[in-house]
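One letter stands for each residue in the lines below.
Protein chains: 2
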Amino acid sequence: MSKQKKTAIEPTREENYAEWYQQVIKAADLAENSDVRGCMVIKPWGYAIWENIQRVLDGMFRETGHRNAYFPIFIPKSYFEKEAEHVEGFAKECAVVTHSKLEDDGQGGLKVAGELTEPYIVRPTSETIIGASFAKWVNSYRDLPLLINQWANIVRWEMRTRLFLRTAEFLWQEGHTVHESREDAMEETLKMLDVYASFAQDYLAIPVIKGEKTEGEKFPGAVNTYCIEAMMQDKKALQSGTSHFLGQNFAKASGIKFQNRQSEFDYAWTTSWGVSTRLIGALIMAHSDDNGLVLPPKIAPSHVAIIPIYRDETEREQVMVLARSIEQDLKGSQFEDIRIYTELDDRDLTSSERNWYWIKKGIPLRIEIGPRDVASGAVMVARRDLEPRDKSSVAVGDLKEYIIRTLSEMQAGIYARALKFRDDNIVKIDDNKEFYSFYTPKNAAEIHGGFAFSPWCGSVDCEEKIKEDLKVTVRCIPFEGQNEDGKCICCAKPSKLRVIFAKSY
Amino acid sequence: MSKQKKTAIEPTREENYAEWYQQVIKAADLAENSDVRGCMVIKPWGYAIWENIQRVLDGMFRETGHRNAYFPIFIPKSYFEKEAEHVEGFAKECAVVTHSKLEDDGQGGLKVAGELTEPYIVRPTSETIIGASFAKWVNSYRDLPLLINQWANIVRWEMRTRLFLRTAEFLWQEGHTVHESREDAMEETLKMLDVYASFAQDYLAIPVIKGEKTEGEKFPGAVNTYCIEAMMQDKKALQSGTSHFLGQNFAKASGIKFQNRQSEFDYAWTTSWGVSTRLIGALIMAHSDDNGLVLPPKIAPSHVAIIPIYRDETEREQVMVLARSIEQDLKGSQFEDIRIYTELDDRDLTSSERNWYWIKKGIPLRIEIGPRDVASGAVMVARRDLEPRDKSSVAVGDLKEYIIRTLSEMQAGIYARALKFRDDNIVKIDDNKEFYSFYTPKNAAEIHGGFAFSPWCGSVDCEEKIKEDLKVTVRCIPFEGQNEDGKCICCAKPSKLRVIFAKSY
Numbered sequence: 001m002s003k004q005k006k007t008a009i010e011p012t013r014e015e016n017y018a019e020w021y022q023q024v025i026k027a028a029d030l031a032e033n034s035d036v037r038g039c040m041v042i043k044p045w046g047y048a049i050w051e052n053i054q055r056v057l058d059g060m061f062r063e064t065g066h067r068n069a070y071f072p073i074f075i076p077k078s079y080f081e082k083e084a085e086h087v088e089g090f091a092k093e094c095a096v097v098t099h100s101k102l103e104d105d106g107q108g109g110l111k112v113a114g115e116l117t118e119p120y121i122v123r124p125t126s127e128t129i130i131g132a133s134f135a136k137w138v139n140s141y142r143d144l145p146l147l148i149n150q151w152a153n154i155v156r157w158e159m160r161t162r163l164f165l166r167t168a169e170f171l172w173q174e175g176h177t178v179h180e181s182r183e184d185a186m187e188e189t190l191k192m193l194d195v196y197a198s199f200a201q202d203y204l205a206i207p208v209i210k211g212e213k214t215e216g217e218k219f220p221g222a223v224n225t226y227c228i229e230a231m232m233q234d235k236k237a238l239q240s241g242t243s244h245f246l247g248q249n250f251a252k253a254s255g256i257k258f259q260n261r262q263s264e265f266d267y268a269w270t271t272s273w274g275v276s277t278r279l280i281g282a283l284i285m286a287h288s289d290d291n292g293l294v295l296p297p298k299i300a301p302s303h304v305a306i307i308p309i310y311r312d313e314t315e316r317e318q319v320m321v322l323a324r325s326i327e328q329d330l331k332g333s334q335f336e337d338i339r340i341y342t343e344l345d346d347r348d349l350t351s352s353e354r355n356w357y358w359i360k361k362g363i364p365l366r367i368e369i370g371p372r373d374v375a376s377g378a379v380m381v382a383r384r385d386l387e388p389r390d391k392s393s394v395a396v397g398d399l400k401e402y403i404i405r406t407l408s409e410m411q412a413g414i415y416a417r418a419l420k421f422r423d424d425n426i427v428k429i430d431d432n433k434e435f436y437s438f439y440t441p442k443n444a445a446e447i448h449g450g451f452a453f454s455p456w457c458g459s460v461d462c463e464e465k466i467k468e469d470l471k472v473t474v475r476c477i478p479f480e481g482q483n484e485d486g487k488c489i490c491c492a493k494p495s496k497l498r499v500i501f502a503k504s505y
Numbered sequence: 001m002s003k004q005k006k007t008a009i010e011p012t013r014e015e016n017y018a019e020w021y022q023q024v025i026k027a028a029d030l031a032e033n034s035d036v037r038g039c040m041v042i043k044p045w046g047y048a049i050w051e052n053i054q055r056v057l058d059g060m061f062r063e064t065g066h067r068n069a070y071f072p073i074f075i076p077k078s079y080f081e082k083e084a085e086h087v088e089g090f091a092k093e094c095a096v097v098t099h100s101k102l103e104d105d106g107q108g109g110l111k112v113a114g115e116l117t118e119p120y121i122v123r124p125t126s127e128t129i130i131g132a133s134f135a136k137w138v139n140s141y142r143d144l145p146l147l148i149n150q151w152a153n154i155v156r157w158e159m160r161t162r163l164f165l166r167t168a169e170f171l172w173q174e175g176h177t178v179h180e181s182r183e184d185a186m187e188e189t190l191k192m193l194d195v196y197a198s199f200a201q202d203y204l205a206i207p208v209i210k211g212e213k214t215e216g217e218k219f220p221g222a223v224n225t226y227c228i229e230a231m232m233q234d235k236k237a238l239q240s241g242t243s244h245f246l247g248q249n250f251a252k253a254s255g256i257k258f259q260n261r262q263s264e265f266d267y268a269w270t271t272s273w274g275v276s277t278r279l280i281g282a283l284i285m286a287h288s289d290d291n292g293l294v295l296p297p298k299i300a301p302s303h304v305a306i307i308p309i310y311r312d313e314t315e316r317e318q319v320m321v322l323a324r325s326i327e328q329d330l331k332g333s334q335f336e337d338i339r340i341y342t343e344l345d346d347r348d349l350t351s352s353e354r355n356w357y358w359i360k361k362g363i364p365l366r367i368e369i370g371p372r373d374v375a376s377g378a379v380m381v382a383r384r385d386l387e388p389r390d391k392s393s394v395a396v397g398d399l400k401e402y403i404i405r406t407l408s409e410m411q412a413g414i415y416a417r418a419l420k421f422r423d424d425n426i427v428k429i430d431d432n433k434e435f436y437s438f439y440t441p442k443n444a445a446e447i448h449g450g451f452a453f454s455p456w457c458g459s460v461d462c463e464e465k466i467k468e469d470l471k472v473t474v475r476c477i478p479f480e481g482q483n484e485d486g487k488c489i490c491c492a493k494p495s496k497l498r499v500i501f502a503k504s505y
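Chains as they are written, first to last, in the numbering used here: chain A, 1 to 505; chain B, 1 to 505.
Pulled out of the complex, with its shape left as it was, chain A reads as follows (with noise of 0.2 Å):
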């Protein structure tokens, strides 16, 4: 196969967009189906990038002053039945425990046994669980707000799945916190919503639009849910991460009162906001290209492959001598707050392949080492965001300094390419005929227009008929630009808010 004409991964997004997704995640050996209903297995490669995604977000939980705390993974079923919507809304896809205990059937195998009285639930989402200990642990305004995270994995019986993107079981954390009043509540579960935009544009260099979810799209029993929607290459939207402002909903569902400053009792305030791996999802859909995986270097499991190349035993020492010394002068050097990691490569493979093998896994650079180099005192680099075959030549001396440059200019790079991407393809379109017409796949690959930032009424009636006809729904009605009067995209009725509206995962 001659890389000159194809490319590593087949087939590219112009050809089928799903299927890349799917070739990109293994040729990365990011993650893979197991032979549980739904369930992934996340390998190695993946997995760094979740710890890379936990570490930052834990710490800019913990400066806004939350704390990290573990409650059950099991909800009884009465407490799931306290919040109708809520039961509503995850009733019809959870995981049930029902027994305690497998048994001899008598015939070689095993059955079921010692029943429950009351079966539990595997957490779907932790409110009603948290909740109650929250009613515990809140007894007056001195102990608010009460600001909790937890890190965990959830289980939602989900149809059809897809690595990262929907899972039966995944990976996430949950905000839930408690407050005094309705504004100390909004302002926190605004204040997450700006933690989880800041995060995914200067971490994940994915640009998102903050916004409020309509009443059919928001979190089962909230007030209001906000969210950070985000395009992906094939220009449908995936939300990123949610903000839910509860009112007293839950507060009232688990029990949880507080005597306030006027010494009256009272319902407190709650919200609660998650991010899972799906984010992982959204980082490969972003910024991946036909050759496989790409990775803004500041959640990069890995910056560096160095991959000495030698044809004898001779070369190769002179190769390896200096290939050790760029690693050791590298090891605990950082661009920005990230340290650097690098992976000497010295498998018994032709550089060739171990430089697509990295190209794939999406590593932000690779250095090359021959015996040719070792004699000039420079090695090539090669950057992931450029095409696999340009290179430069980096006089050893100064490669530290080329190195920690060049992972921030890449940083910007990736966020600018996204930046640019979603703005040229967010169209103001007034016109109902224009609106569907952007929505009709073009080609094969079903590749639509984007996302269309049209007139709504409001009504529940345009939103479904929308949907109904192009699968296309309201991703947000966004904090900047919305207030505008119009005539809504479906009905041409008066209309007073524009609204982005997208195809979505």
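FYI, nobody ran anything at the bench for these hints, they're computed from the structure.
Worth double-checking, as some hints may not be accurate.
[Stated by the list, open to error] SDA-like, lysine to any residue: derived pairs with alpha carbons at most 20 Å apart:
#, chain 1, residue 1, chain 2, residue 2
1, A, K92, B, G114
2, B, K101, A, E85
3, B, K496, B, K471
4, A, K101, A, E115
5, A, K136, B, E32
In this text the structure is predicted, and so the values were computed from the model without any measurement.
Knowing the structure of chain A, use the given hints to seat chain B on it.
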């Protein structure tokens, strides 16, 4: 209540050790029971200890070449049935998922629905589910060793539960590795046992005995189980970590085959090893006293409580300036490889209340700052490992260096105290009567004699008889000093081994 007469924790260790343990947890606000049978809620101070355990161990795993990954929480019943001893060991207490939704029961409640074709077990350990992936990942000796670790939640439907020590759900790490040969797998098994022992001694300040479990006590399905055993202050043993040599048992059950260096296909050799939130129980019981939690500084979530004392606003301003400057001065400083964290506690409580709050939480150092201290340029520092009222005056200019030095001293001192206690309570006993007397409670608190280092003939019958008579078990066949001719402490027949007996958690 006069603090000079009473202790902060009631009952004391002497009065009722088991209840003292619960009260220490409560007073330090580490964890609590939930309404979900046997499941605990780990509160922020307790969870922060777990995060420190994770951070240090994770670094040690990485240094020894391991990578983290994540596998499904559910194990199909059929996987579970593949290894006979394994299923026998776990089937009697497991959470079984049988349904995938809840439906309206027509009476305003919900009933389970959507029965699964095959029940799933919530993982009680992951050998079989991880084995299924490993069977796909391993093809050749070039893929080996495969060194994977997982941080996860685990469910075992334990009957009698106790916070941290034995809970239906707990958190742990489980290492799972695959090797070419018996020798490599055995080397890994013992290497990870050493990692656990170093961690327990260097960070938790708990001396441990390394040894091998007897046939009756080993992990279901393992060929050999190795463990570290620690002595608690009631002289009972607590198994603090295990490392299993699994031979080819699980490779055969999961089909982990590889092409070896002779180009033949063979089953691989595997290991697994784990420690859990149980370590927090060990930490509490090894070091705490009748005033509450005592934490080795290297594992404490925070190290210094700064307690400003003032009577009016003028004094407050003076005192807070110094308090903040001390806080600032300590920011980012380290003792050994540990970052120092501080808590500036200016809550509207008396200084005594704030002092006792931090004593019960086990913070290593407390600094009191009053107006006179501001004037004299010296502050009062109290160490958690000394009497509550024992305080030293330290000049502000020397404070940072004093703190760094003292935290190291305390870490060493806490370990030395635990080591002396343990060594004082390991007794070589060769006589049957003495052995039985050693394990007969001497007082109401039922604190018995400690660890007996005694000859054992190796028979299961003797092991069982001693267990039945005294609730004493063979904790391990220790690596050091176990080969010695003698007469079995139970049957008096010739024995070749001296082993560690104890009552245990």
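Structure-based check of each hint:
{"no.": "1", "hint": "K92/A - G114/B", "verdict": "9 Å, holds"}
{"no.": "2", "hint": "K101/B - E85/A", "verdict": "16 Å, holds"}
{"no.": "3", "hint": "K496/B - K471/B", "verdict": "23 Å, violated"}
{"no.": "4", "hint": "K101/A - E115/A", "verdict": "8 Å, holds"}
{"no.": "5", "hint": "K136/A - E32/B", "verdict": "11 Å, holds"}
Hint check: a violation occurs at hint 3 only; the rest are consistent with the structure.
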